[in-house]
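K.L.:
Sequences listed follow chains D and R, in order. Each residue of the first sequence is one higher than the one before, counting from 1 in the numbering used here. Each residue of the second sequence is one higher than the one before, counting from 1 in the numbering used here.
Keep in mind the hints are simulated off the structure, nothing from the lab. Quick caveat, the model's predicted, so the values are computed rather than measured. No incorrect hints appear here.
Some chain R residues judged to face chain D by a derived CB distance under 8 Å, without partners named:
| # | residue |
| --- | --- |
| 1 | V34 |
| 2 | H84 |
| 3 | T108 |
| 4 | G154 |
Built from N, CA and C at the ideal position, the CB exists for glycine as well.
There are 2 protein chains.
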Amino acid sequence: MTDYSAQLKSRTDYANSVIDRFLPDEKGYLAELVAAMNYSVLAGGKRLRPVFIDSVFRLMGGTDERREPFMAAMEYLHTYSLVHDDMPEIDNDDMRRGMPTTHKKFGTACGLLAGDGLLHWSAQTALKAFDYAKNEEDKDCIISAFKIFTDKSGPYGMLGGQSVDVLFTGQHPDRERLDYIYRLKTCALIEGSMMIGAALAGADKEHIDCFEQLGRCVGMAFQIQDDILDCTGNEQTLGKPLNSDDKNDKTTYVTLFGIDKAKSEVVRLSQEALRILEAARCCRQEENDFLRRLIESLVVREY
Amino acid sequence: MTDYSAQLKSRTDYANSVIDRFLPDEKGYLAELVAAMNYSVLAGGKRLRPVFIDSVFRLMGGTDERREPFMAAMEYLHTYSLVHDDMPEIDNDDMRRGMPTTHKKFGTACGLLAGDGLLHWSAQTALKAFDYAKNEEDKDCIISAFKIFTDKSGPYGMLGGQSVDVLFTGQHPDRERLDYIYRLKTCALIEGSMMIGAALAGADKEHIDCFEQLGRCVGMAFQIQDDILDCTGNEQTLGKPLNSDDKNDKTTYVTLFGIDKAKSEVVRLSQEALRILEAARCCRQEENDFLRRLIESLVVREY
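For reference, chain D alone in the conformation it holds in the complex (with noise of 0.2 Å):
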């Protein structure tokens, strides 16, 4: 294992173990609904937005706990987002990541409280970072982390970029549709992840910003990638059926513009990634070479 394979580990460890800490009690009667929230955060994924949660705030100067809070709760609301998603009113999704969907195994009803319990618990969670906060200034950070929170996952963001996607199905997006979509649905918690890390940390504006460029070329490399490996990848790795995007008649960066042209823009945006990265000038060494490799690992995964 390489030194880097060796940290990305240990970090999703980390995130895993902070993600597992703050999950609710499966208890009384509230055990269904509680299981169902559980089951669909547990069963798995690449924890890349808490990862990178960890990582800015790391490489921006932050030492203390109050970042757990935001990393479990980013999971939960992607985790939120993906469980709605595959209700048969949107995608209609049996399996993901190997699994039966949550609606699927815990039935439709189940699989929207389910979702909305996850969206409530993630705002809890979040909120929990105040318990960290030692003064005045500890609260504003932690406040203006919270709006980013709120403002990328919301109409203006996450949400938005899914609505636009379902709502417009069957009228085929044109290239400023689909990067409105991209720049909505995948970017803005990744965005949103990298800021979190940075206001979390106490950084100015102007750093904030900058990660908010970052990640929306980091968001949009990963979804064209996920476009392609729809195509080329191998259902086994991917714990998904391939050609979804095909058989639902869905238009992607490789159906509008070729599977070669998606590839030499996933290089060309990861390379504008490293690019702003280093113009930011985090002097933390480690912790540069840690989100350099991992943008880098993002164009050549293979799930």
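Please arrange chain R on chain D, whose structure you already have, making use of the hints.
P.N.:
Chain R in isolation, oriented as in the chain D frame:
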């Protein structure tokens, strides 16, 4: 019009203007999502929860605008719960307040997303209260109110009550489970509204706890009155069909104990609420009178 009726109308008009002011704009790609969100909110309602926030805030000596974002946010939150409740997976209702439910008017995908959108938007709106904070003490009041807002709405609040109600359908609840459902599903947001009003005004823990007790009595009385109206009300006044509980084979306070016991329980709970209000010894006489009259009116309401 009596003094009280005029005051109630003026307070409700004020709540409506605040609710309207914080709504998102219907434009660009998001027009359909936002139209569905705003349709759901503007379909009407008593605006009881924002009126409670406003009333307790004034009663406890609050004067500035920090209550307004929470008044709007609470109504958006309440509306989201109704939109998802009406969905085919849950209650499958076509009409509410004399108008088609959101998913009947905009389709089920849009109904799901508009409900999600309102939940996101409620948090974004409540956060705007920090714009009115002048010092650390103000921020602490708002952080405390925000914690109440998320706790009372999530899995251990309203959403939990809804999930126990829905996921146990077919197994008739006993008194204990019915109390649990009512306490979370209906009382939690009314308790929360009163507690938020108190917390924002800088009330001490003792007074916040007192408004939690008061809100619980009012919420219980309110829910049992709803059960009674479902049997004895007027369809046109109510804006929805009668006997829906019976049709859905639903256990309510009326089916468990009969209509006479239900009516006397509403009276008992209202008197208990008035006793708690009196014991709290809040000295703003005009506000005290208004809240007392509001609580009394809930016993005799017909819609």
